[in-house]
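J.: Required output: the full structure, derived from the provided sequences and hints.
Here's the letter readout for the chains.
There are 2 protein chains.
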Amino acid sequence: MIKPRTPPGVMELLPRDQIAFARMLEVIRRNFERFGFVPVETPVFELSEVLLTKTGGETERQVYFVQSTGALEKTAAGVPELALRFDLTVPLARYVAEHEHELAFPFRRFQIQRVYRGERAQRGRFREFYQCDIDVIGKDALSIRHDAEIPAVIHALFSELGIGEFTIQLNNRKLLRGFHEGLGIADGEQQMLVLREVDKLDKRGVDAVRATLAGEPFSLDAAIVDRLLAFVAVRSTSHADAIAQLDKLAPGREAMAQGVAEMREVLELLRAYGVPEKNYALNFSIARGLDYYTGTVYETVLDAYPQIGSICSGGRYDDLASNYTKSRLPGVGISIGATRLFWQLREAGLIATADSSVEVLVGLMDDARLADSLAIARELRAAGICTEVQLEAKKLTRQFQYADRSGIRYMVLLGEDELARGVVTVKDLRRQEQFELARPELAAGLKAKLEQQRALQGR
Amino acid sequence: MIKPRTPPGVMELLPRDQIAFARMLEVIRRNFERFGFVPVETPVFELSEVLLTKTGGETERQVYFVQSTGALEKTAAGVPELALRFDLTVPLARYVAEHEHELAFPFRRFQIQRVYRGERAQRGRFREFYQCDIDVIGKDALSIRHDAEIPAVIHALFSELGIGEFTIQLNNRKLLRGFHEGLGIADGEQQMLVLREVDKLDKRGVDAVRATLAGEPFSLDAAIVDRLLAFVAVRSTSHADAIAQLDKLAPGREAMAQGVAEMREVLELLRAYGVPEKNYALNFSIARGLDYYTGTVYETVLDAYPQIGSICSGGRYDDLASNYTKSRLPGVGISIGATRLFWQLREAGLIATADSSVEVLVGLMDDARLADSLAIARELRAAGICTEVQLEAKKLTRQFQYADRSGIRYMVLLGEDELARGVVTVKDLRRQEQFELARPELAAGLKAKLEQQRALQGR
Numbered sequence: 001m002i003k004p005r006t007p008p009g010v011m012e013l014l015p016r017d018q019i020a021f022a023r024m025l026e027v028i029r030r031n032f033e034r035f036g037f038v039p040v041e042t043p044v045f046e047l048s049e050v051l052l053t054k055t056g057g058e059t060e061r062q063v064y065f066v067q068s069t070g071a072l073e074k075t076a077a078g079v080p081e082l083a084l085r086f087d088l089t090v091p092l093a094r095y096v097a098e099h100e101h102e103l104a105f106p107f108r109r110f111q112i113q114r115v116y117r118g119e120r121a122q123r124g125r126f127r128e129f130y131q132c133d134i135d136v137i138g139k140d141a142l143s144i145r146h147d148a149e150i151p152a153v154i155h156a157l158f159s160e161l162g163i164g165e166f167t168i169q170l171n172n173r174k175l176l177r178g179f180h181e182g183l184g185i186a187d188g189e190q191q192m193l194v195l196r197e198v199d200k201l202d203k204r205g206v207d208a209v210r211a212t213l214a215g216e217p218f219s220l221d222a223a224i225v226d227r228l229l230a231f232v233a234v235r236s237t238s239h240a241d242a243i244a245q246l247d248k249l250a251p252g253r254e255a256m257a258q259g260v261a262e263m264r265e266v267l268e269l270l271r272a273y274g275v276p277e278k279n280y281a282l283n284f285s286i287a288r289g290l291d292y293y294t295g296t297v298y299e300t301v302l303d304a305y306p307q308i309g310s311i312c313s314g315g316r317y318d319d320l321a322s323n324y325t326k327s328r329l330p331g332v333g334i335s336i337g338a339t340r341l342f343w344q345l346r347e348a349g350l351i352a353t354a355d356s357s358v359e360v361l362v363g364l365m366d367d368a369r370l371a372d373s374l375a376i377a378r379e380l381r382a383a384g385i386c387t388e389v390q391l392e393a394k395k396l397t398r399q400f401q402y403a404d405r406s407g408i409r410y411m412v413l414l415g416e417d418e419l420a421r422g423v424v425t426v427k428d429l430r431r432q433e434q435f436e437l438a439r440p441e442l443a444a445g446l447k448a449k450l451e452q453q454r455a456l457q458g459r
Numbered sequence: 001m002i003k004p005r006t007p008p009g010v011m012e013l014l015p016r017d018q019i020a021f022a023r024m025l026e027v028i029r030r031n032f033e034r035f036g037f038v039p040v041e042t043p044v045f046e047l048s049e050v051l052l053t054k055t056g057g058e059t060e061r062q063v064y065f066v067q068s069t070g071a072l073e074k075t076a077a078g079v080p081e082l083a084l085r086f087d088l089t090v091p092l093a094r095y096v097a098e099h100e101h102e103l104a105f106p107f108r109r110f111q112i113q114r115v116y117r118g119e120r121a122q123r124g125r126f127r128e129f130y131q132c133d134i135d136v137i138g139k140d141a142l143s144i145r146h147d148a149e150i151p152a153v154i155h156a157l158f159s160e161l162g163i164g165e166f167t168i169q170l171n172n173r174k175l176l177r178g179f180h181e182g183l184g185i186a187d188g189e190q191q192m193l194v195l196r197e198v199d200k201l202d203k204r205g206v207d208a209v210r211a212t213l214a215g216e217p218f219s220l221d222a223a224i225v226d227r228l229l230a231f232v233a234v235r236s237t238s239h240a241d242a243i244a245q246l247d248k249l250a251p252g253r254e255a256m257a258q259g260v261a262e263m264r265e266v267l268e269l270l271r272a273y274g275v276p277e278k279n280y281a282l283n284f285s286i287a288r289g290l291d292y293y294t295g296t297v298y299e300t301v302l303d304a305y306p307q308i309g310s311i312c313s314g315g316r317y318d319d320l321a322s323n324y325t326k327s328r329l330p331g332v333g334i335s336i337g338a339t340r341l342f343w344q345l346r347e348a349g350l351i352a353t354a355d356s357s358v359e360v361l362v363g364l365m366d367d368a369r370l371a372d373s374l375a376i377a378r379e380l381r382a383a384g385i386c387t388e389v390q391l392e393a394k395k396l397t398r399q400f401q402y403a404d405r406s407g408i409r410y411m412v413l414l415g416e417d418e419l420a421r422g423v424v425t426v427k428d429l430r431r432q433e434q435f436e437l438a439r440p441e442l443a444a445g446l447k448a449k450l451e452q453q454r455a456l457q458g459r
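Protein chains in written order, with our numbering: chain A, 1 to 459; chain B, 1 to 459.
In case anyone wonders, no lab produced these hints; they're calculated from the structure. It is possible that part of the hints are untrue.
In this list, chains with the same sequence are indistinguishable; a pair is considered to hold if it fits within one copy or across any two.
Dumping the calculated DSS-like pairs for lysine-lysine here, alpha-carbon to alpha-carbon at most 27 Å [as the list claims (entries may be wrong)]:
1. K200 x K447
2. K248 x K278
3. K395 x K427
4. K449 x K427
5. K203 x K449
6. K326 x K3
T.: Listed below in structure tokens is the structure:
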């Protein structure tokens, strides 16, 4: 006998939580589709040679290698032929480069699939998790206007998810670079190290960060550190304030001017997109993967749960697929780590276990009524109602128990008496009440009830 | 520069084919849900120790092993810790055994996920493919009535897929065993070998099969072989014929009597379930994994494309999870290999490339109209219409080209003249015609068009 268990670091759900999770993914998918993104799915594994490029970022991500029984010995290069994707961006780059001549640009794709990282197993860290990505990929060029569309998608999506107020925090990598250059920190690598230190403000406290930045290898003057800390503390409080914050920045280098202009255009377009100003703000501390993003960057936080961190992040990049094609493919995109998000929302009590996807259980009180039960189930299913039939005439209390444990809300009962009167009894197990419906109106009556319910839940 | 390509043996689709495939999966999912099955998802990898049991069937299936960068060396036992699932049945067994006390029985789950097999790469053979499974799992016992529900699901599902007439072929393992015992072939292993020979009838011809069965190790009399060949040739032509075929069988051993009784009950219930008799038939040659199934077995064939083979198969088993729990968990289920099915239906011309999921492209003739375009897009999206906005005022012919290449059917145009008149021009690119809608009626007018279209396509 083997103990049945999953590997550590995966999220496996009981059916009613799986239903709640599937609904969350469905809201995400629906919003991606409404905004005109088209679906792509890629294989879970890629050729190692294709997936693992020289940038080395993937070693931090702890790649999982794959090999079949017949090829357990490693390949000549010492690395198995296949590896599981660790994000959806590299597969997108490979996909777009591979199918470049079959796609229309700008290419707008969404992808909702699982990715794999050999993380150290710990609470809330997953080795297998869903990512929900959108990207718009241009050929040679891509208008900054696409950068403004992304927050509109985020806004629509998280509004529909109904998990409370949120703020889309915006920054721009050119602006960030320009600011650092203005402080005399010209080297990109150095800028990244500085920002990484500044990012520890909450954890280490301002004095410790000051001390680090004053010491080797940074050796920054106290005045420079002051300006740096003031800069990264900027959070705009309204649209007008965001514009005012941009105006306050020293014109400085070319990068700064360009970054400010881009940010301004994005902010203005957000109004045309109808994103309420309470839902976006400047945050000059956001950097996100400095080696990858080159323009606008996004993070999204739940106002009441800042400790969850960013629930939707991304940005603009200059060239998606330089490893695979000579074509220049600039793009902008975001990613939602849906598994971690769901897990955290559930921990925070913002997502409840769902009712069963089974809406009606047709009870069976007597074997002689089986054909009637099956006929009723056919009617209900034809009306689009998810229906299960109790196929064995167990004790009624056991049938109720089963419905209750399964989270099925309605139970339909066909007693002799009701049949004689041409009616059917419907029990609402949630409200602990029951009512009768005339036999010919059963499907329509239940459908109306269920639709009312769905409308109440905003589905 | 690395050549962008996928590993062999995977099906990766361009967006419009991906949309067609997603719709097929959606029809499958919807039917599973309507019949009261609840969703389960399991991790793509399982612990090797849990996944790989002693039965050895998995070696035939060429398991893929998984190991992270940090653990490229094999484990002590010589086998990596993780392995990709090769079907959805073993993960189901693990899941049910693991969560036994949290589930209500009969447990009815559907699962639509990819599975992995290290097959030799060849046309139409996949190393990664979707399986769409339903199973009903009982505790200690499960009524034969559930066996009759399965064809009702198959019937509803393939009717809605609209891929032509199909026949659900039925057999029963007890009946098969009883028949062989009646011929003096008592050993289960021997029965399996005989059936495997008989299965080669089409390929090898009747004379070759006869010769094999007369020789070692079978040494069957010519009369026995005759009875065998007559038996496996049985295909019922109607409900009444199916019953008559059952009546014709010699009562024989206990297994035979039980198999006939089970089959009779399933056939009678199929009528109550409303499965038309043209859609099911007895086929005594079906065996399916003799070491696993113990009662009813199913195969489904497209009447016009028998060469495709079974598109949906399964059966009844006595005990799902004997490797993981002492509880007896009998069940019945089916599986659809959706990737292979989609690939074959496309080859046969039964599934066409879909239009884009983007229903409307709002064109842009002049940058000054951008805010109007965005306002219109918001209205359309609020009405549930998947809408893309042309964000750059390119030449109109290029915008049409883009819509056409992307498979977007409708294009909305806001010319100066139309705006002045309070109307909007809609171009139907499929029909090459255009019409005007009053600005306030745009969303409702387009929605009506799209719903009409969906109804025509049966979606």
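J.: Each hint should be assessed against the structure and marked as holding or not.
T.: Each hint tested on the structure:
1. Taking the closest pair of Cα atoms, K200 and K447 never come within 27 Å of each other, the shortest separation being 54 Å inside a single copy and 51 Å across copies.
2. For the identical chains of this complex, K248 and K278 are intra-copy neighbours only, at 21 Å inside a copy versus 78 Å across copies, given an alpha-carbon limit of 27 Å.
3. Taking identical chains as interchangeable, the C-alpha atoms of K395 and K427 lie at most 27 Å apart only when both belong to the same chain, with a minimum of 16 Å there against 62 Å between chains.
4. Taking the closest pair of Cα atoms, K449 and K427 come within 27 Å of each other only inside a single copy of the chain (12 Å); across copies the shortest separation is 40 Å, beyond that limit.
5. For a Cα distance limit of 27 Å, the shortest separation of K203 from K449 qualifies neither inside one copy, at 51 Å, nor across copies, at 56 Å.
6. In this assembly of identical chains, the alpha carbons of K326 and K3 lie at most 27 Å apart only when taken from different copies (11 Å versus 52 Å within one copy).
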